[in-house]
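Novice: Order-wise, the sequence lines are chains W and X. Quick note on our numbering: the first sequence kicks off at 318 and runs consecutively. Quick note on our numbering: the second sequence kicks off at 10 and runs consecutively.
No lab work stands behind these hints: they were computed from the structure. Backbone N, C-alpha and C fix where the C-beta goes; we use that ideal spot for every residue, glycine too. Don't take every hint at face value.
Cβ pair distances, simulated, as ranges [stated by the list, open to error]:
#, chain 1, residue 1, chain 2, residue 2, range
1, W, K368, X, V68, 43 to 53 Å
2, W, T342, X, F139, 25 to 35 Å
3, W, N371, X, G104, 15 to 25 Å
In silico DSS-like pairs for lysine-lysine, Cα to Cα no more than 30 Å straight-line [to be verified]:
#, chain 1, residue 1, chain 2, residue 2
4, X, K111, W, K368
5, X, K111, X, K230
6, X, K230, X, K197
7, X, K111, X, K197
8, X, K46, X, K197
9, X, K112, W, K372
10, X, K111, W, K374
11, X, K112, W, K368
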Amino acid sequence: MVVYGVALLAICMLTGVMAGDLLGTVLGIDANVGGVGIAMIMLVLLVDRLKQKNKLKEKSQEGLSFWSAMYIPIVVAMSAQQNVAGALEGGPMAILAGVLAVTASFALVPVLSNIGKGKPESFLNENKMDKAN
Amino acid sequence: MQDTIFAMFEDNSLVTAFAVVGITMYFSYFLSDKLTKGRLHGSAIAIILGLVLAYIGGVSTGGENGIADLQMFSGIGLMGGAMLRDLAIVATAFGASIEEIKKAGFTGILSLFMGIFVSFIIGVIVAFSFGYTDAASLTTIGGGAATYIVGPVVGGAVGASSEVIALSIAAGLVKSILVMIGTPFVAKYIGLDNPRSALVYGGLMGTTSGVAGGLAATDPKLVPYGAMTATFYTGLGCLLCPSILYFAVRAIIG
Numbered sequence: 318m319v320v321y322g323v324a325l326l327a328i329c330m331l332t333g334v335m336a337g338d339l340l341g342t343v344l345g346i347d348a349n350v351g352g353v354g355i356a357m358i359m360l361v362l363l364v365d366r367l368k369q370k371n372k373l374k375e376k377s378q379e380g381l382s383f384w385s386a387m388y389i390p391i392v393v394a395m396s397a398q399q400n401v402a403g404a405l406e407g408g409p410m411a412i413l414a415g416v417l418a419v420t421a422s423f424a425l426v427p428v429l430s431n432i433g434k435g436k437p438e439s440f441l442n443e444n445k446m447d448k449a450n
Numbered sequence: 010m011q012d013t014i015f016a017m018f019e020d021n022s023l024v025t026a027f028a029v030v031g032i033t034m035y036f037s038y039f040l041s042d043k044l045t046k047g048r049l050h051g052s053a054i055a056i057i058l059g060l061v062l063a064y065i066g067g068v069s070t071g072g073e074n075g076i077a078d079l080q081m082f083s084g085i086g087l088m089g090g091a092m093l094r095d096l097a098i099v100a101t102a103f104g105a106s107i108e109e110i111k112k113a114g115f116t117g118i119l120s121l122f123m124g125i126f127v128s129f130i131i132g133v134i135v136a137f138s139f140g141y142t143d144a145a146s147l148t149t150i151g152g153g154a155a156t157y158i159v160g161p162v163v164g165g166a167v168g169a170s171s172e173v174i175a176l177s178i179a180a181g182l183v184k185s186i187l188v189m190i191g192t193p194f195v196a197k198y199i200g201l202d203n204p205r206s207a208l209v210y211g212g213l214m215g216t217t218s219g220v221a222g223g224l225a226a227t228d229p230k231l232v233p234y235g236a237m238t239a240t241f242y243t244g245l246g247c248l249l250c251p252s253i254l255y256f257a258v259r260a261i262i263g
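Extracted from the complex, chain W is given alone in its bound form (with noise of 0.2 Å):
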């Protein structure tokens, strides 16, 4: 059923926030500490292992994947809800933030691609196979 996969995902994510709630108390600080991470890991972890027994039915990761598709939308009402109007004057810094960030990415991927660069990676074995097939 639809709804199992709903649960799923909705005892994932109650369990990590619960967990990233109880992290901040251990830890002293009034936050939630990668709640939703521990929730997203807990969700990869479950879904593998009920899909190896093959406990997860297609019509319960239906109902993951509703939720999953949902994300882009909800993120659209998310920005709608914003003090836009109140951060307009921030506007500049944050141009700035996201320029930069994305200019030293560009120029970590040269640096990056060479770390071991001779050793092939298994992912490219598997590719060639494919197109042998």
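Chain X: place on chain W using the hints.
Specialist: Okay, now just chain X, sitting in the frame of chain W:
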């Protein structure tokens, strides 16, 4: 008559939000297709329109919740609120698989961590130089420099203000758009012409829409390699930024 329609929208606010956002998305993808030939991804245009709506809402009501301050659009607040936002973000992990991580290998994982650290640090430095000195704001803007989704997630987790969250979305959006448009122009200078560099590029940039759009315009054959690493970026950012990176910022500024 008009009042009855508005009242109907108010009574069904969340459903109204679905309709409004759906129409916005349709319009955005239409613009992306017709005006930019798909080069600027529809999702980026939709988020820009979202921010424009928030501005209009803010100016017309004087409130702090953008378009959601208008009664008939209050459902936008629920749809884009922290609860459903986090649910949808967690759901995106459904597309990722452990096999993919293994395939990406050491270089892919290194590029993911480097990508998040570098963007985050730049975001924090820029925010600091513009006069932000509290750890919550600095971390949120740093997260926004990673992606437009990490920023709000961090902002919600550490309790940043709505203005700062809006700025973090804007920073991520600038990054996403630049990656989409700029990639084909810089591709040959950064050696982006083989699967290995595409994998590294995906991990460093991290914005999935930007990476997919940028690689498609450069060489469509490279898209799956970039996507392989980029898929994990937001998740890793949501894990690292509100935790160790937040602590690091707190430790440094005291």
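Novice: Each hint needs a verdict: does it hold in this structure or not?
Specialist: Structure-based check of each hint:
{"no.": "1", "hint": "W:K368 x X:V68: 43 to 53 Å", "verdict": "49 Å, holds"}
{"no.": "2", "hint": "W:T342 x X:F139: 25 to 35 Å", "verdict": "32 Å, holds"}
{"no.": "3", "hint": "W:N371 x X:G104: 15 to 25 Å", "verdict": "19 Å, holds"}
{"no.": "4", "hint": "X:K111 x W:K368", "verdict": "17 Å, holds"}
{"no.": "5", "hint": "X:K111 x X:K230", "verdict": "21 Å, holds"}
{"no.": "6", "hint": "X:K230 x X:K197", "verdict": "15 Å, holds"}
{"no.": "7", "hint": "X:K111 x X:K197", "verdict": "28 Å, holds"}
{"no.": "8", "hint": "X:K46 x X:K197", "verdict": "22 Å, holds"}
{"no.": "9", "hint": "X:K112 x W:K372", "verdict": "25 Å, holds"}
{"no.": "10", "hint": "X:K111 x W:K374", "verdict": "25 Å, holds"}
{"no.": "11", "hint": "X:K112 x W:K368", "verdict": "19 Å, holds"}
Violation of the numbered hints given earlier is absent; every hint is satisfied by the structure.
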